Amino acid sequence: MKKLALPALLSLVLAACSSTGTDTASQVEDRSGAGVTTVTAGSPSGSGIAALTDPNNILSKRSVFFDFDSYVIKSEAKPLVEAHARFLVQNPQMKMLIQGNTDERGSREYNLALGQKRADVIKQALMLLGAKEAQIESVSLGEEKPRCDAASEACYAENRRGDMLYSGEF
Amino acid sequence: MTRFLTAFRLLLVLALASLAFGARAQLSIEITGAGASRFPVIIPIFENEGQLPNSVTDVVRADLDRSGLFRLVDLGPLALPESVMPDLPAMRGRGADAVLTGSVIALGGGRYDVRFRLFDTQKQLELGAMAMPMMASQNRLIGHRIADFVYEKLTGQPGYFSTRVAYVIKSGTNYELQVADADGMNAATALRSREPIISPAWSPDGQRLAYVSFEQKKPIVYVHTLATGQRRVVANFKGSNSAPAWSPDGNQLAVVLTKDGQSQLYILNADGSGVRRLASSSGIDTEPFWGNDSNIYFTSDRGGSPQIYRISAGGGSAQRVTFDGSYNVTPRLSADGTLLAFITRNAGRFQVAVQDLATRQTTILTDSARDESPSFAPNGRMILYATESGGRGVLSAVSSDGRVKQRLTVQAADVREPAWGPQPRQ
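In order, the protein sequence lines correspond to chains X and U. Under our numbering, residue 170 is the last one in the first sequence; the count climbs by one each step, no gaps. Under our numbering, residue 426 is the last one in the second sequence; the count climbs by one each step, no gaps.
Derived by calculation from the structure, the hints in this document are not laboratory data. The structure displayed is predicted, hence computed values, not measured ones. Glycine included, C-beta positions come from ideal geometry on N, C-alpha and C. Hints may be right or wrong, so weigh each one.
[To be verified] Calculated lysine-lysine pairs in the DSBU-like style (CA-CA distance at most 30 angstroms, straight line):
1. X/LYS95 x U/LYS218
2. X/LYS61 x X/LYS78
3. U/LYS123 x U/LYS170
4. U/LYS123 x X/LYS78
5. X/LYS145 x U/LYS170
[Claimed, not checked] A short list of chain X residues far from chain U (calculated; beta carbon distances all over 10 angstroms):
6. GLU82
7. ASP163
8. SER167
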């Protein structure tokens, strides 16, 4: 088992190192977190879940944020998308649901379409990085399920996002 | 005027208290702006109305007053029988340009006849007369019809007091799709859900609502027959299904589907069969509205920002309709095809605007910041829309010239997604 898991462990470590923009401390913690999960990743099912919920692992972060009326993934979100793409590639049995959301301003129907567009661009980015289409479903919640309820720019920004959820989380 | 409003509010309070449905979910209406010159009219209490459990006259008065086009001239408690010619010069002397006289006649067995006549005090002539049979419980229905009669005789346009409105109430995590009379009374819940309900759209015959429900954890389009509560899924394809719009003949729906990629326009039969694509674009196409002019108006970001376009319901190429600003959405065409209402972003505020399609002149009608979902009254005179007041969702109505303003609120709940129903068949 350990022998089988080792290549996967290595690839995760390399992946963590290749991410840019994370500080050294968090990379060290990422690596230890990834090491623990890779051992479980060798088992046929339920693999990798620990990394997904380890607050020190970038994979625990699930939200990609957008500007108003935009469906362009900002450069600061790229390391997060890359990390999840690698996870999907390494865990082909894992399925992801992406939920696109918008802030509450403007038309509900346009926002439903905009949320879909946001979920779709995340899906496309993950697929460009090697994830399989069959692993990912993209849906929109529009402005209907705000995470933050106040009418403030901070709340609007929090609600303009796509969430990447794995099997068992939705 | 103030006295009348007080009486109207008292009536509302009594109605609220007596409704088993619960006061929480009742719409109440407040007039926040009126026409510059309101037409002065005398409407004395209908003769022998006291034999009815509830007043017809109060309903007529409230409707006409709320329209913002009329000013009720008080004549005191005196009734003017329908059978007697009123002293028109005297009425004119009191400042009224029109007088409505009426009588209630018992026919036995709980049935009544309401007879009424409308007079022009300037021209000194009768404008029309009618008799309507009614049961004792039908005071609101008959009152709305009489108000429609007066409105049409004095403005030349059909009234809208006998119409109904649909809207969604959100209370906590509960959603209710409700239908009420245009004055907010007789609210009834058509659908309760723990998941969002959006985009209700009335069938042209007023019998059915199409809407989007998230009850299956994704947007699916349903058609709901109000009288029976029967529901049918008409669009449940892979991805999202939304934004239903009825064809003027009620046989087809335009919808937005993502089954082939991003949000695009499709047409299907009202039973869900025969889905076919209407248009193709590289961006978002959504919010179709099927006009009586056989064009489908819709929102698209194909030009880089959301703008309104139109395309023939038979297909073809789309024409851009809005050019001012970077966010124009939710097109709704008046029944006569002359006015397009939509939401525009104006200096960061989302407001109701109308474009005169002949002159391309656009006017912003509101000064609020969070307007959504405009919906024309069948006569094109008023626009109902959702907005926000005091941190809560409320409905408002504005006349298409921007002068008359009303607010409709529900206590302790958000109300949104209004849709003004068609003129009922009588």
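Against the structure, the hints come out as follows:
For the hint linking X/LYS95 to U/LYS218, the alpha-carbon distance of about 18 angstroms falls within 30 angstroms, and the restraint holds. Proposed proximity of X/LYS61 and X/LYS78 is supported: the alpha carbons are some 12 angstroms apart, at most 30 angstroms. Restraint check for U/LYS123 and U/LYS170: the C-alpha separation of about 51 angstroms exceeds 30 angstroms, so the hint is violated. Our distance criterion of 30 angstroms between C-alpha atoms is broken by U/LYS123 and X/LYS78, whose separation comes to about 77 angstroms.
At most 30 angstroms may separate the alpha-carbon atoms for a hinted pair to count; X/LYS145 and U/LYS170 meet this at roughly 12 angstroms. With a minimum CB-CB distance of about 24 angstroms to chain U, X/GLU82 clears the 10 angstroms threshold, and the non-interface call stands. Look at X/ASP163: its CB is around 14 angstroms from the nearest CB on chain U, clear of 10 angstroms, so calling it non-interface holds up. Once the 10 angstroms rule is applied to beta carbons, X/SER167 is consistent with being away from chain U; the minimum gap is 15 angstroms.
Comparing the model with each numbered hint stated earlier shows that hints 3, 4 do not hold.
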